[in-house]
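Student: Each protein sequence line maps, in turn, to chains A and B. The C-terminal residue of the first sequence carries number 435 in the numbering used here, and the numbering is unbroken. The C-terminal residue of the second sequence carries number 390 in the numbering used here, and the numbering is unbroken.
Derived by calculation from the structure, the hints in this document are not laboratory data. Ideal Cβ positions, reconstructed from N, Cα and C, are used throughout, including at glycine. Take every hint as true, because none was put in to throw you off.
The calculated SDA-like cross-link candidates involving lysine to any residue, where the alpha carbons are at most 20 Å apart (straight line), are:
id	chain 1	residue 1	chain 2	residue 2
1	B	K365	A	V35
2	B	K365	A	R28
3	B	K365	A	A73
4	B	K365	A	M80
5	B	K365	B	I336
Stretch-level coverage of chain B by chain A, calculated; a stretch enters the list once three of its residues show a Cβ under 8 Å from a Cβ in chain A:
id	stretch
6	283-294
7	307-313
8	321-334
9	361-368
10	376-385
Derived CB-CB ranges, DEER-like:
id	chain 1	residue 1	chain 2	residue 2	range
11	A	Y134	B	D390	34 to 42 Å
12	B	R269	A	D94	55 to 63 Å
13	B	P337	A	D94	25 to 33 Å
14	A	P241	B	E389	47 to 55 Å
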Amino acid sequence: MKRLSLPVILLALLSCLPWAPAAAELRIQITRGVSEAVPIAVVPFGWSGGQALPLDVAAVVAGDLASSGRFAPMDRRDMVSMPSVPDDLVPADWRLLNVDVVVIGQVVPAGPGKVEIRFHVFDVYRGQALMDYSLEAPVNNLRAAAHRIADMIFERLTGVPGVFSTRIAYVSVDRSGDQEVYRLVVADADGASPTVIAESPEPIMSPAWSPDGRRMAYVSFESGNSAVYVQELATGRRKPVSEAPGINGAPAWSPDGRRLAMTLSGVDGNLDVFVVNADGSGRQRVTTNPAIDTEAAWAPDGRSLFFTSDRAGGPQIYQRNLAGGPPRRVTFEGVYNARPRVSPDGKTLAVVHNDRGNYRIAAVDLDRGTVRVLSDGRQDESPSFAPNGSLIIYATRDRGEAVLAAVSVDGRVQQRIASTEGDVREPVWSPYRE
Amino acid sequence: MLEFIREHALSLAAAVAIHGLLVAVMVAGLSLGRPPAEPAYRPPVQATVVDASELKAAAERKEQERRAEERRQEAAAAEKERQEELARQRAEAEREARQEAERQASLEAEEKAREARLAEERRKAEEIRKAEEARKAEERRQEEARRKAEEEARRKAEEEARRKAEEEARRRAEEEARRKAEAARQADLERQLRAEIEAEERLMSLQSSAEGQAWIGAIQDRVERNWIRPASATPGLQCEVRVSQIPGGQVVGAEILRCNGDETVQRSIVAAVMKASPLPTPSDPALFERTIIFIFEPED
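Just chain B, with the same shape it has in the complex (with noise of 0.2 Å):
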């Protein structure tokens, strides 16, 4: 009721406004139709008669007198009349008014109900249109929801298929890149391999031939001659000294390899490969090493 009275809270005052406007129309119509006021009562006169005259005047006297009693009765029977006739136009007015508020009173409950109706009805109708809004947002949603995650999906079964592409390729080139490293490799290691056993073949028809055998002689023995051996140089001790060498014989360096001695020791075995410059040349310059090995193993 209160929701209905805010909603119609315009049209409620125009139709109180205007009921009253008509009550007050009808009360001043009553107003306006009232008879004039009543001629004013004229108090009977003070005489005192005295002759036939004066009772011809008395008689006269009397006989206005009955007239005035019957004009006095008439005119309060009709001023009786009157108040009667006032009283039922009046009643008559309340009756009418009674009737109209009535008439008023039902036309504003049917307005009312008529009102109240359509706000149901527009109400439902709201109730209706909202309901259909928010199924057409949730389809839209759902919608848009069906399309994303196939969208995603999309996108995730095409970047696993790149990257399950880019990794096969990239598999099969470290493949490729280690074959032929390995392969580089091996031919590396042949070569070497070949290198060495060609020293080594080299080496030891240097150290069978009698020359070969001399000049490794001459060197052993001048390094020994300049090694002073200290006194922790005792036997278990070995060392190992690569000695690069000029052709002239010249030792250009002296690289400490391996050595179980102490400082003292190291420095006497670089200090006599140093003293022992130049070192003694082949006979055969074709014999030259560039590189020597000297392994120092004191015996008592």
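In isolation and in its complexed conformation, chain A is listed as follows (with noise of 0.2 Å):
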């Protein structure tokens, strides 16, 4: 056999290696980023009919990206032009201006109290478009165009499902008058175009959105007890579905709309979970422990249930899976976990967990079992995942008053829920509208 020469040798040698580069160059790690907001320049769109439209689009487009947090639209007065058609954009100008992405559009009349919006995202480094995109919609309801258009863009942009067309539900409490008066109120999710579903002097609390997003389920104290009523939004038809003696509170759709999980006192005064049809028919009990358990929630497959229960002395929580076999704990870290929410996904819990002397909303891995606080109030409740994941609100107090927040899952994006006024509490996001 011949003999292999050293140079042969090497050769093979480095050939072998995956990440042998074709030639030596200098390479350097990058193990760092910033958690910044994505500078992005939402250009006001071209208008071509008569009269003023009563909707700017490109401001309602901006603020729904702001409100994510995940990106930073431009002051309109910095930017050097204002392009309405892709012709007339030139990427250098926003390079100059450290603008990562630029949107521009077009309004043109489309019909008796109709338009027409076309609009088009560009990113600036790469210089190309990376959506054309155009869309019909009535004069009257631009707003629901504009919350569609920036759910498209954040979709294009982030991987992930915008959700500025999906809603939230929220209690608020008006103590204005001679009397608290508390209202059930359904919003935009940038808490736009709030609407009172349901009003009463009496308690309202734990509103439960149907995973079809055509029902709601709340507890109200109107009769003098507590009671679980499920009602329609569309017509506003309600029935009660748990009216039992003693507490009847903290109603949880199943993942496919037909039952109901909730909290009753039952016989025996002792806190217990239940499930019931969704007509109120059928209850089954859960859990049996003497403990308080309540504050169910479904994993996303129908298959068990997660709750608060203080069997071990403080709150934590538990799952139990509904084809039998005894409660698991998953939460072991800190003295306090309670009133759970599944992410759409399954694989994260948002909690209320005691930090340091604070409630604050935490992040809990399910398979990992670690928790992670995410927000920096002292007396955070009622997180709700949005229905893309990525974001969880929640209720917090700002001076005094109770009012509505968002943060990311990873805790790098905290916002205020602006126009929600008043003491407000207990949010839930609506599912995906259908």
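Two chains, two frames, some hints: make the complex.
Tutor: What follows is the structure, given as structure tokens:
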């Protein structure tokens, strides 16, 4: 056999290395980045009609993107040009302004009471179009169209569906008059267009969206005792589904929308988790422990329930398989973990966690059991996942008032939800609109 | 026989015509040789004898009658003799004609036999000629085939020889080309390896020198400060981007080489290196590197 020369052997070795470069090049590792919002320019959309439009679409889009915390829309006063068609856009201009992405658009009349909105999204540094899209909208509902546009842009830029077209529900308490007035309110995700769907001088609590977004279950004390009601949003028609003596509380819809888990005090006055059909029939007991078991939340597969129990002393989260078997404790970090909500992918729980004396929103990684504190208030409560799983809305206190806030699931972006005035609590994010 | 008739139709017709003519001539001859017609018969005279004269006349008449009878008998005998002579002549003529016909027939048969014999001889001669011709043709054919086969074999042999020669030439040329290419490749690889080793050494000295380390640290810091890390850039991400710069540090190109991140991550990486432009320059211009590969590997 021929003897191999040294270079040949070296070459053979080099070619075996998977990361061997074609030629030696300087390699620099980047292990960190910054948690800043991506600079974006949403240029005011052109309008070719006569009368001014009732809504500044680009402003709503920019507002939505800003509210996500992921994007920092540029001030319009800093824009050196305001193109509305792709041919007029010069990427170099925007590079000088340190903008990563530019959104331009044009609104044109499209028949009586209708307009067509054409918009384009550009990647400034790669110099390429990311989106060219057009949609029709009624002039009197441009806001919904603007939210849809923001959703599409958000999804294109982050890979995650936007939630700007979704809604939130919350309970507000009005103490301005002689007596308190409790209101159950449904609003756009940005807090705009609030609509009262139920009102009572007695407390209203624990609103819960049905999976199809058409019904709401909630607790009302209007009859003097607590009862769980299910109300159709479109018609306002409602009916009680649980009016048992004692406590009827914390309703939670099963993922298929056919059942409700809830907390009942039952005959012995001890709080336990039950499951009933959506019309109130077929009650089944899920927990039997003499401790308090409450605040049930369904796993996305509908096969198990997470709930809060103080059976070990302080409140912790447990999981109970509905097919049987003993409950399994899932939180171990900290002395207080309560009110679980499950992320859409079923991998994370949002809980209220006692963090050195402060009640804060935390994310529990269900695979690893780790707890990560996300909010920084003192009395944060009622976490609820956005349907895209990227944000958690919750109630917090600001200068003595209960207000709504949202935090990204990685904790990097926090924001107040604007337009919610008064004492507001128990926010819940709707599913995606069908 | 029919065949014979067909073949000698003309000669037969001529023979028949000649015989016919001969018979006609003979018959005509017979007719010409016939004696003249018999004298006309005169009836006896009717007369009455009356006296001596008459008697004498009667005796004379009787004499005359007797002589007339004599003449008449003589004439009858002559006639009979003539008739007999005629019959005899006729029989002779018939006999002769018969003999002639027999002779003719015999001649004719003889002629026919001769002709048949001749025809047979001709046929045989023709057969022999034909057989000879066929034999010669066969010989020629065989000769031709042999010639052709020899020709073909020769041609094939030549073709094969040429093909083999060409094949061999081509194989040699290929072998030569391969050997040369291999040598060139080997030389190339060695050159490349030497260049790589040199570059590697250069990089190692760059990375180990204080100046080089400071420069690399400054670039790293600048890119990290410009990287807006998306939510999807989680630990486990590994993206390489090759950045080309010009001596002032201006970034003139960014190309993602390999990346297990989504499009948002890749966009953020390109934006980061572009926004980091101009990159810090080394204090010693000799340290400058035209291309840098950044490896984005975020930690938690």
